[in-house]
Amino acid sequence: MPNLWIQNARVIDPAAQRDARGDLFVSDGKLVPSLSAAAKKRAKKIDAAGLVACPGLVDIHVHFREPGQTHKENIGTGTRAAAAGGFTTVVCMPNTSPVADTAGTIQFINDAIRRDAVIKVLPTGCISVGMKGQALAPIGSLKRMGVVAITDDGECVQSNELMRRACEYAKMFDLPLMDHCQDASLTHGAVMNEGTVSTRLGLRGWPHAAEDIIVARDVILSEYTGAHIHLQHISSRYSVGIIRRAKQRGVKISAEATPHHIALTDESLATYDTNFKMNPPLRTEEDRLALIEGLRDGTLDCVSTDHAPHTDYEKDKEFDFAPNGILGMETSLPITLEILVRQNKFKLPFVIDLMTRRPADLMKLPAGTLADGAAADICLFDPNEKWLYDAKKGFSKSSNSPWSGQTLTGRVKTTIVDGRIVYDGKKIL
Amino acid sequence: MPWTRQHLLTLEELSLTEIDQIHATAVAFKRTLSRSVKKVPALRGKTIVNLFLEPSTRTRMAFDMAAKRLSADVISLDGASSSTTKGETLRDTAENIQALQADMIVIRHAAAGSPLYLSRILDIPVINAGDGAHEHPTQGLLDTFTMKEHLGSLKGRKVVILGDILFSRVARSNIHALVKMGAAVTLVGPSTLVPQWFTDLGVSVSYDLRSALADAEVVMLLRIQHERQTSGHFPSIGEYTSMFGLNKTRASWLNPKAIIMHPGPINRGVEIDSELADGDRSVILEQVTNGIAVRMAVLYLCAGGQPELVMPTE
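Chains as they are written, first to last, in the working numbering: chain A, 1 to 429; chain B, 1 to 314.
These are calculated hints, taken from the structure and not from any lab test. As the structure is a computational prediction, the values presented were derived from the model and not from experiment. Hints are supplied without guarantee of correctness; some may be wrong.
[As the list claims (entries may be wrong)] Here are the simulated lysine-lysine pairs, DSS-like style, with alpha carbons at most 25 Å apart:
1. K180/B with K155/B
2. K86/B with K317/A
3. K315/A with K86/B
4. K317/A with K393/A
5. K427/A with K30/A
6. K345/A with K413/A
[To be verified] Ranges between beta-carbon positions, derived for each pair:
7. D200/B with T271/A: 12 to 22 Å
8. P41/B with G68/A: 55 to 65 Å
9. G68/A with P235/B: 37 to 47 Å
10. Q306/B with R296/A: 49 to 59 Å
11. G250/A with A80/B: 51 to 61 Å
12. D390/A with A80/B: 39 to 49 Å
Quick reminder that beta carbons are idealized off the backbone N, C-alpha and C, glycines included.
Please model the complete structure; the sequences and the hints are all you need to start from.
Given below as structure tokens:
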């Protein structure tokens, strides 16, 4: 593997509060302060003039569908899409088929990662057996197999008792819990945000109260047990308020927002396009703006995509019958830059932080830094390049994206994992 | 102005002119219904498929009747007999119907938005015969047609829609048409079935039956839809009737000339007293008859007919 010399980049490393023009050097897969003159000569040089060089992006919420749903995505295709989106580390969710609630299934996933992944993938395990919310999964064994968190993502644990025990038990292993906050009793048959738009469209509404109630529950249980609960894909203004107040009291909770929840609202559903159907649903402009403010003031800790591939034929249905979820890997960076940097005047290093160091720190991952000696996981992107995104030509197996066919601004040019170029702006190497 | 629409999907998207054109065309077709020979040759040689993936009696029969009066051939498919029960997707079912050379498809479906979805897939006209809790445009057209027959212009007229609004496609289509026609619409019913969101559609919401009915010129009752309810939106049918059922006393609060409407099927003794349903002010069966004329107009226009061809004097 050649040494790398990345030249003339705008180097942004939020952990070191670095934002300056400069070079990066990579030797033996690690970042180094410099290379010897001789090594420089032999190094592979990458002209990064006009590009940003930042830590490889980190996404702690993706669905790679392996095992069991590999017609939608697998570890190979999912990580290729991730690499094309600038990601070098992702955390995948356990709602596979079977669900990842045993050490054996985690072993299977780890094998697939070793065999097929082009970036770093870390698994999560279930909170409950079969994700049924009735009995604790073998959390200790899952931890031993390397899960970085436990979650019943997609099937929020409804029993407060079980969630409480999960908190206490997981804390023993220093494992965070990730929760998809949804009180199921309030969302029977719900397919979109409840409000004016659902009233007009005649679709069954998912009130934000169903999220707020579980967010409040999780705040209470986190405070009571001392466990770290990470609140997934927050969508409601009211929830942002609950989290803000809890954090002021020092409760050990964290939370994420997705690019789609900060970019889109339920008005997008006017044509019943199932590429706008996800769970939690797109909400109102008021909610959208509250999420952005939540990211600005630190109430929300990071941006995660909830990358959720589904095939064309699964999505090509009556709105009520289509599955929830959209792709995220290849659009996360341009959409987040558009909404936070260009529209809401966030500083670029702060946004990079939301997509690198902060999610990595939440899950205690050795990622999200350009420090000397760290693994050379690097993303080079052009913040101003406009490009036409065609989901069908993307690297994911699926193409369910609301942004397909749109011109996006900001494009990943190179993705480097452990000092190896895995994506060169056109293809996976 | 020529008629340009191929599909009838919602009343929300129709202009007032288009609604008037359908009504005017329906007036002409209604005249043909009282002739001894009721058929007109307008759609001779065309095949219309009624794809009813949700139970229906009135709407399906009226579409059937309308198509036959226009001399079209009609094939009716329902959910139980179609391949959807074998797992075929709606897209595949619809593409097969088109491949069988149907000229038009009328769809009733439990999922909101499915007629719009079909209209994007197919080249032939798609007529919405009710999609979930979204719209039932021909019902809204026949209801407003019936109101116009009794009241003339609906501008400023006080119309009350009473009952289960939340799950009602009939309410939504009527709201869109009535608002465009300038009527003053008030929705009444239990607060759980009449959420305030509806005020964004340009109507009033009230939970006080007496003040809402006072001097109303039209009261439209809606059936309590047990099949769409997944949780208790009100305590019991008995309590509903005692709070919101239309009885003689409550009907006396209406304008003396008011008409009582119901899209059917009616639950006698629940949302309406049996006597009132059969009484002088009830136009419930007129609505059914008008449903044929209005659907003839819709089928005729969406198949490419023009309003002036059937009403040379208007």
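Hints, one by one, checked against the model:
1. K180/B with K155/B: Within the cut-off at roughly 9 Å; holds.
2. K86/B with K317/A: 16 Å, holds
3. K315/A with K86/B: Roughly 19 Å between the alpha carbons, so the hint for K315/A and K86/B holds.
4. K317/A with K393/A: Holds: K317/A and K393/A sit about 22 Å apart, inside 25 Å.
5. K427/A with K30/A: Roughly 23 Å between the alpha carbons, so the hint for K427/A and K30/A holds.
6. K345/A with K413/A: Answer holds: K345/A to K413/A is near 23 Å, not above 25 Å.
7. D200/B with T271/A: 12 to 22 Å: Since the Cβ atoms of D200/B and T271/A sit about 19 Å apart, the hinted range of 12 to 22 Å holds.
8. P41/B with G68/A: 55 to 65 Å: 58 Å, holds
9. G68/A with P235/B: 37 to 47 Å: 45 Å, holds
10. Q306/B with R296/A: 49 to 59 Å: Given a distance of about 58 Å, which is inside 49 to 59 Å, the answer is holds.
11. G250/A with A80/B: 51 to 61 Å: 60 Å, holds
12. D390/A with A80/B: 39 to 49 Å: Holds, since D390/A and A80/B (Cβ atoms, about 41 Å apart) stay within the stated range.
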